[in-house]
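**Student:** Quick note, the sequence shown lines up with residues 1 to 117 if you use my numbering.
Since the hints were derived computationally from the structure, they do not count as laboratory data.
One or more hints might be untrue.
Stated by the list, open to error - Pairwise CB distance ranges, derived in the manner of DEER restraints:
| hint | residue 1 | residue 2 | range |
| --- | --- | --- | --- |
| 1 | Gln81 | Ser52 | 14 to 22 Å |
| 2 | Arg55 | Gln13 | 31 to 39 Å |
| 3 | Asp74 | Gly42 | 21 to 29 Å |
| 4 | Pro14 | Tyr101 | 38 to 46 Å |
Just so you know, even glycine gets a beta-carbon here, dropped at the ideal spot from N, CA and C.
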Amino acid sequence: QVRLVESGGGLVQPGGSLRLSCVASGRIFSIADMGWYRQAPGKERELVAIVSSGRGTNYAQSVNGRFTISRGNDKKTVNLQMNSLKPEDTAVYYCNAATAYPTINFWGQGTQVTVSS
């Protein structure tokens, strides 16, 4: 099992910045990929950014150039630096960790990000 704990959400004005952090515990040696997803009210959960072992990073088109994902050298932390935030970025953000062979997904409890003036 892998446990994920997120922090760093909150209320920010349009154009502002926030940094989300996620710390994994448990069987962290089994984690292949770590990433961030988000879910806005009335919408499906969507990928925001992911960092994969050996395959680099990948971003949703809507956040490319504004958000930066990074994984700690300890392999158990993943951060999401969010700049130039827009109201449409408002959502609950979830940390995700995925194992390989077999693929099992683990989720954090979610952290609210609200972009509003």
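**Student:** A separate judgement is required for each hint: does it hold in the structure or not?
**Tutor:** Right, here's what the structure says about each hint:
1. A hinted range of 14 to 22 Å holds for the C-beta pair Gln81 and Ser52, which are about 18 Å apart.
2. Judged by the Cβ atoms, the range 31 to 39 Å given for Arg55 and Gln13 holds: they are separated by roughly 35 Å.
3. Between Asp74 and Gly42 the CB atoms are about 37 Å apart, so this pair departs from the stated range of 21 to 29 Å.
4. Separation of Pro14 from Tyr101 is about 43 Å and conforms to the stated range, judged on CB atoms against 38 to 46 Å.
When each numbered hint is compared with the structure, a violation occurs for hint 3 only.
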